Amino acid sequence: MLPDMNTDRKCCSGFVMDGKFHVIGSQQQSIILNSGEVYDPAMKTWNLIEDMWPKKFVPSTQVAPPLIAVLNNQLYGINIIENMLMSYDKEKNQWQLLEKVPHRAENTNGWGLGFKAVGDELFVIGGARGVGLFLPQIHAYSPKAEGSERWSIIGVARGGIMRDGTRGGSFSLK
463 MLPDMNTDRK CCSGFVMDGK FHVIGSQQQS IILNSGEVYD PAMKTWNLIE DMWPKKFVPS
523 TQVAPPLIAV LNNQLYGINI IENMLMSYDK EKNQWQLLEK VPHRAENTNG WGLGFKAVGD
583 ELFVIGGARG VGLFLPQIHA YSPKAEGSER WSIIGVARGG IMRDGTRGGS FSLK
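Quick note on the working numbering: the sequence shown kicks off at 463 and runs consecutively.
What the hints contain is simulated information worked out from the structure, not anything from laboratory work.
In this text, all values refer to a predicted model and were calculated from it rather than measured experimentally.
Every residue gets a Cβ at the ideal spot worked out from N, C-alpha and C, and that includes glycine.
The reader is advised that the hints may include incorrect statements.
[Said to hold, decoys possible] Calculated pairs, PhoX-like style, for lysine-lysine (alpha carbon to alpha carbon, straight line, at most 25 Å):
#1 LYS554 with LYS517
#2 LYS606 with LYS562
#3 LYS552 with LYS506
#4 LYS578 with LYS606
#5 LYS472 with LYS578
#6 LYS552 with LYS562
[Claimed, not checked] The following label-pair restraints were derived from C-beta to C-beta distances:
#7 LEU560 with PRO465: 33 to 39 Å
#8 ILE615 with THR507: 41 to 47 Å
#9 GLY576 with GLY609: 22 to 28 Å
#10 ASP551 with GLY481: 17 to 23 Å
#11 SER549 with GLY617: 38 to 44 Å
#12 MET505 with ASN545: 34 to 40 Å
#13 PRO503 with ASN545: 34 to 40 Å
#14 GLU512 with GLY581: 31 to 37 Å
#15 ASN468 with GLU608: 40 to 46 Å
#16 SER610 with MET505: 43 to 49 Å
Let's have the full structure, built from the sequences with the hints guiding it.
In structure tokens, the structure reads:
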């Protein structure tokens, strides 16, 4: 069993990077936290990382947990204020904006949007709205591709998007 973190957190996101478990962002009562914590299994301790998820990425109201994914040991996130894909520089503890995300995350403060690493790509799962219509979509981002080739649409569903957690997090359109 892990020891308690330094800070009580709700609506946070967890991930593994560099062989260590990290927790980022969250709320504590009505206060939005921008710190992160990393669990060092060798030392069996949690270490606080200040400003790991800057407040400028978070609306002032209750929000979804940070939209983050780790691909090839690189942390990526979605800034829901600017609707931008970002990458994290762990040496500098800074985020770099990469480019616009196809789905509008800020419309719902990050709720209703999925963001996962699958294979060598980042999947953004959301949808497009039309008149009285919502069409679930999956877009893939390939960091190794060039220019406009980085984003591709995987599919559009009429009924919904199903996730199969038993097969490595695969998705299917229904």
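**Message:** Taking 17 to 23 Å as the stated bounds, is the beta-carbon spacing between ASP551 and GLY481 within them?
**Reply:** holds, 18 Å
**Request:** For the range 34 to 40 Å, tell me whether the beta carbons of MET505 and ASN545 fit it or not.
**Result:** This hint holds: roughly 38 Å between Cβ atoms.
**Prompt:** Cβ-Cβ distance between GLY576 and GLY609: within 22 to 28 Å?
**Reply:** The hinted range 22 to 28 Å holds for GLY576 and GLY609, with Cβ atoms some 25 Å apart.
**Request:** Note whether the CB distance of SER610 and MET505 lies within 43 to 49 Å or breaks it.
**Result:** About 45 Å separates the Cβ atoms of SER610 and MET505, which means 43 to 49 Å holds.
**Request:** For LEU560 and PRO465, compare the CB-CB distance with the range 33 to 39 Å and indicate the outcome.
**Result:** holds, 35 Å
**Prompt:** Is the hinted range of 34 to 40 Å satisfied by the C-beta distance from PRO503 to ASN545?
**Reply:** holds, 36 Å
**Request:** Measure nothing beyond the straight line between the CA atoms of LYS554 and LYS517; if it is 25 Å or shorter, mark the hint as holding.
**Result:** holds, 17 Å
**Message:** Please check whether GLU512 and GLY581 have a Cβ separation lying inside 31 to 37 Å.
**Reply:** Distance hint for GLU512, GLY581 holds at roughly 33 Å.
**Prompt:** Are LYS552 and LYS506 close enough, with their CA atoms no more than 25 Å apart?
**Reply:** holds, 21 Å
**Message:** Just to be careful, I want the Cα atoms of LYS472 and LYS578 compared with a cutoff of 25 Å; is the pair within it?
**Reply:** With Cα atoms ~20 Å apart, LYS472 and LYS578 stay inside 25 Å; holds.
**Request:** Please test the hint of 41 to 47 Å on the beta carbon pair from ILE615 and THR507.
**Result:** Holds, at about 44 Å.
**Request:** With respect to the beta-carbon atoms only, verify the hint that SER549 and GLY617 lie 38 to 44 Å apart.
**Result:** violated, 25 Å
Hint 11 from the list above is the single one not met by this structure.
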